[in-house]
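Number of protein chains: 2
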Amino acid sequence: MNSITLDRCCIHTITTKSWSLPEAVEHYAAAGVKGISVWQNATEGIGPRHAGEIIRQAGLEIVSYVRGGFFPNVSSAGRAQAIDHNRKLLEEAAALGAPMIVLVCGASPDQSLEKSREQIREGIEAILPLAEKLNVKLAIEPLHPMYAADRSAINTLGQANDMAEFFKSDYVGVAVDVYHLWWDGDLEKEIARCGAHGNLFAYHVCDWKVNTIDLLNDRGLMGEGCIDLKKIRGWVEATGFNGFCEVEIFSNIHWAKDQHLFLNEITTAFLEKV
Amino acid sequence: MNSITLDRCCIHTITTKSWSLPEAVEHYAAAGVKGISVWQNATEGIGPRHAGEIIRQAGLEIVSYVRGGFFPNVSSAGRAQAIDHNRKLLEEAAALGAPMIVLVCGASPDQSLEKSREQIREGIEAILPLAEKLNVKLAIEPLHPMYAADRSAINTLGQANDMAEFFKSDYVGVAVDVYHLWWDGDLEKEIARCGAHGNLFAYHVCDWKVNTIDLLNDRGLMGEGCIDLKKIRGWVEATGFNGFCEVEIFSNIHWAKDQHLFLNEITTAFLEKV
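If you read the protein sequences in the order shown, they are chains E and F.
In terms of this note's numbering, the first sequence is residues 4 to 277.
In terms of this note's numbering, the second sequence is residues 4 to 277.
Calculated from the structure, these hints are not laboratory results.
A portion of the hints provided could be inaccurate.
Any copy, or any two copies together, can satisfy a pair, since identical chains are not distinguished.
Claimed, not checked - The calculated DSSO-like cross-link candidates involving lysine-lysine, where the alpha carbons are at most 30 Å apart (straight line), are:
hint, residue 1, residue 2
1, Lys20, Lys212
2, Lys171, Lys192
3, Lys118, Lys192
4, Lys212, Lys118
5, Lys171, Lys234
6, Lys233, Lys91
7, Lys276, Lys234
8, Lys276, Lys118
9, Lys212, Lys37
It should be emphasised that the depicted structure is a prediction, and the values quoted were computed from it without experimental measurement.
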């Protein structure tokens, strides 16, 4: 496995939630970080086009726009609304200059996971022509099974691979996030499959804390938990992937800290643990 | 699918945690519940042999003794200690008159899940002769992937089936718990496989609440969540299983209630939702 430098370090704006986009851009760039994944809330009041200019002027690369999806709904009106929303996100991603959007695909507790996956497929089908036209890729992110009730009916990389392969499109692939997938006994095999089909679009890192106290906002900084990050990066790079490793941490604990201190911890952990 | 009666209702003592074993036995029996699964803490101060007498005198059937396992440990002394502890549990189960113990197999965040599974296999191997001698079966319970850090390296029914089939023993099988497994796209197939190999030893029910607020103690009463319990029971019964459906709910919310009220909710939900 290759050693890693900050040239491959990307940070999701949500990770340093209290910083405005201009602050995040300034501080990430000063820290030697080279990539940024932009959450929609970070562009509020700025607009995606101007946000893109700010980012490029600072010399950062935009890795992804986060996040679309949430397609399933028991009502057809709800599904149509989700598709409209995703089209709007694609337009924003294009204005921003992001090469892809991440899809948190959604689930509805009022129907089976199979049904939700059908609706996810229909949703992607509906937005794919616009994605192609705008040259913005769609990265399906499988989510941990603890989010199967209402956040994602795609809970393993195997299911994400199935979905991506169904489309046979250069514009539909997968975002592999260690937080969601580290436990899966088939992970090595499914990463290889994902790469072999040209579907490994993105790689997200953080850590799983042994005593996780919150289902949403208690992710660990790399090294704080039990995920063997170097092993998984090895599997990812064995497919030929050499893109950004995106740091995406939702954490009430880390958000409560001085964010300069946290950014310093992130870059240190990135070099030592990823 | 068959309709269900309270003749197939078993409750885990932990579900009504504040009740002593004699209280639980008295109230379960009065409610028409026919089975009880006994947690180790419930026999403290009573002893397993006397606990068994109390239960049988009330006309309840002992379904399982809970819980053994926790085999993995980076130190060999720790692993030997776990094996000793499981042998003690088997002796207690035999004294109680329980036909099986449930294994929460364990995991160590300091080693890979593969390594932990190896140590689980070695642990089961070590206690199996005593289990056979005492006529107490071992039910491997796969746990939800959110417990993979330190509670179980067996996180799918597929992995539990692999483990049970490795032993080819009438004394090693699986406890299927909907809370841990409902999200799995392979569940129907793996339940069929489990049954076909004679390994479906136990069936546990509760529900997955859509807005779960605690990783351990926020399970739902049947009907409070999004699990399609009737569908899954249908799969279980299609294998020929017609044993108890064991109600096992860890819930700070339900524990805080009047337990008579809760027991009434359990029996009502059992008849309507399971």
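Requested in this report: Mind listing which of the numbered hints don't hold for this structure, in increasing order?
Outcome: Of the numbered hints, just 6 does not hold.
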